[in-house]
Amino acid sequence: MIQLTRESVQKLCQQSQIHCTREEEILLLEDLIKMRNYIEFLQAVDTRAIEPCTHISKGVLSFFREDTVGFVMAEEEFLSNVPCHKLGMVCVPPILK
Amino acid sequence: MQKNNVPLHLLSGCQIRDAFLKGEKTATEICTHFLYRITHLDNKIGAFTEIFYKRALAAAKQLDEKKAQGKLLGKLAAIPIAVKDNIHVKGEITTCGSRFLQNYRAPFDSTATRLLEEEDAILIGKTNLDEFAMGSSTENSFIKKTYNPWDIGFSPGGSSGGSAAAVSARLCPIALGSDTGGSIRQPASYCGIVGFKPTYGRVSRYGLVAFGSSLDQIGPLTTTVSDAALIMEVLGRQCEKDATSLPYNPLDYSVRTYEKLKIGVPWRLLEGIEKESKAYFIHSLKGLQKLGHEIIDVDLCVVKYALATYFIIAAAEASTSLARFDGVRYGRQAVGAENLDQLYKYSRQEGFGAEVKRRILFGTYVLSAGNEEAYYRKAQKVRTLIIDQFKTVFSECDLVATPTVPATAMKVGSIKDPLKMSLSDVYTTAANLAGLPAISIPNGFSDQGLPYGFQLMGAHLKEDCIFKIAEALQMAFPSHFQIPAAFRS
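If you read the sequences in order, they're chains H and Z. Going by my numbering, the first sequence opens with residue 34, and the numbers climb by one from there. Going by my numbering, the second sequence opens with residue 24, and the numbers climb by one from there.
Derived from the structure by calculation, the hints contain no laboratory data. Predicted model only: the values in this text are computed from it and were never measured. Mixed in with the good hints, there may be bad ones.
To be verified - Listed below are the simulated BS3-like cross-link pairs for lysine-lysine, each with C-alpha atoms no more than 30 angstroms apart in a straight line:
hint	chain 1	residue 1	chain 2	residue 2
1	Z	K439	H	K44
2	Z	K90	Z	K113
3	H	K67	Z	K439
Claimed, not checked - With beta-carbon atoms standing in for the labels, derived distance ranges:
hint	chain 1	residue 1	chain 2	residue 2	range
4	Z	D411	H	I35	47 to 53 angstroms
5	Z	F131	H	Q48	29 to 35 angstroms
6	H	E110	Z	P501	47 to 53 angstroms
7	H	L94	Z	D411	18 to 24 angstroms
8	Z	M498	H	C117	44 to 50 angstroms
9	Z	I318	H	K67	33 to 39 angstroms
10	H	Q43	Z	G176	36 to 42 angstroms
11	Z	G93	H	E110	34 to 40 angstroms
12	Z	L44	H	A77	56 to 62 angstroms
13	Z	N272	H	V102	38 to 44 angstroms
Here a beta-carbon is modelled for each residue, glycine too, at the ideal position from N, C-alpha and C.
Whole structure, please, built from the sequences with the hints as guidance.
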């Protein structure tokens with residue numbers, strides 16, 4: 034199990050793609066420890082022979098469907114919310130500078 | 024029916040529709056009445072993030088013309104309905120209570136709002152919520168705070184606090200909310216109104232901004248059980264755009280057959296509730312017994328793990344659901360990012376509030392290699408235990424009753440600890456984990472004049488059982504269904 038430390042919070046921020054300030058990291062560490070401590074009592078539940086619930090509607094729904102084209106949003110509608118676009122293309126900074 | 028010039032805001036949605044259909048009021052008069060109330064009264068409670076003045080009046084005018092032409096009118100004709108601001112209405116802003124989506128304009132209609140408009144409802148505005156539906160007090164909204172119409176020093180609950188406050192103050196008779204861990208039922212309890220969460224998959228999630236995709240459901244907040252049943256008749260159908268939508272036809276919930284039901288109460292789970300809340304709860308159970316229903320003790324001991332299980336699963340799903348908010352295709356984009364990695368990180372830092380960041384990080388933590396088996400898989404297994412225990416209980420009884428929340432609403436700003444804030448969801452999360460339908464109805468008032476709620480949970484797809492008993496309680500205890508004094512006139 035991964036321990037909760039300042040370094041592990043920084044790693045979680047990296048994985049979550051969220052930049053946090055130093056102050057935020059400290060507060061987050063405190064909160065995450067409290068939440069982790071609260072959920073620890075689940076470890077006492079005997080789940081040895083229990084299947085995990087992966088789909089709430091298992092047995093009722095099929096999760097596969099035909100690969101057919103459905104609703105296609107018009108380009109102008111899609112671009113209306115894009116913060117930066119040119120000539121119908123979405124602009125982003127380079128991956129590496 | 025509009026009798027003796029009863030003000031429109033004191034009528035239920037069904038009564039407003041009937042007044043319109045009988046020609047007692049036009050759709051424009053109805054719409055104007057509620058827009059006037061919202062304009063002059065919403066500043067006291069801050070329920071709305073946006074009011075659809077032009078859209079609503081245009082829809083009302085069109086509806087009046089449709090009626091004049093003798094065309095067939097929908098089941099919700101002329102009823103003004105507010106929509107929680109994480110549910111899309113095409114062309115309108117969907118903020119999700121977040122800085123990230125402050126200026127995001129929905130490019131498509133949600134199935135829920137489309138179905139409402141197809142039945143001639145009038146969408147009157149968007150209501151405030153905790154950011155991305157994460158919270159229990161509507162204090163996490165970036166847009167504004169919302170206050171409880173019963174006492175503006177108190178929270179309306181959350182995350183559908185805006186919808187609950189709007190209906191409680193009679194700024195509209197019906198509102199839509201979303202429920203992931205109790206976010207319709209808890210604010211309904213705190214605001215003294217009816218709040219209903221359907222069976223998972225009964226109502227399409229297409230157009231609902233995802234939080235916990237295996238838990239989320241859209242549902243109605245109303246002043247009467249009949250209005251909640253009416254909304255479910257309209258919304259409860261399969262949607263091809265939602266892969267989790269159940270393959271069942273719409274049902275008619277208006278027919279109320281009387282038969283004696285067995286109602287289970289998990290007494291051992293109720294030890295921590297306020298004395299007054301327990302007294303009202305027992306009083307309502309006695310009312311049901313007088314009507315001929317049987318009250319039995321049931322064992323739901325596994326449900327004591329529901330809140331912890333919900334924390335893990337909801338956070339894990341939230342970390343995935345909110346990964347799409349990267350500042351590229353929509354939403355807040357950080358200025359001055361030198362590369363793509365910075366764009367993602369700074370956009371999300373600027374766009375998300377503290378509670379959202381907390382849940383995303385916790386979700387990432389429980390899904391991390393080394394933790395996934397211990398936390399996420401464990402939670403999924405405990406979820407199976409909860410589902411199985413409910414199946415056993417529903418072989419013994421028809422419904423399960425509990426108070427909706429252990430206490431009345433909290434004072435605004437009184438709870439800073441996010442964990443403590445979540446404890447109000449202790450009785451509501453189990454229904455989301457098991458995918459079961461559940462309702463909260465008003466159940467009396469505390470000495471401070473704040474409402475209590477009574478919760479009924481049903482077996483899978485047994486919405487009709489819930490409506491039957493909930494309506495019986497409404498008829499037995501009409502004094503529980505009141506309007507805050509400041510909003511009566």
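Which hints from the list above does the structure break, by number from lowest to highest?
-> Failing hints, ascending: 4, 8 and 13.
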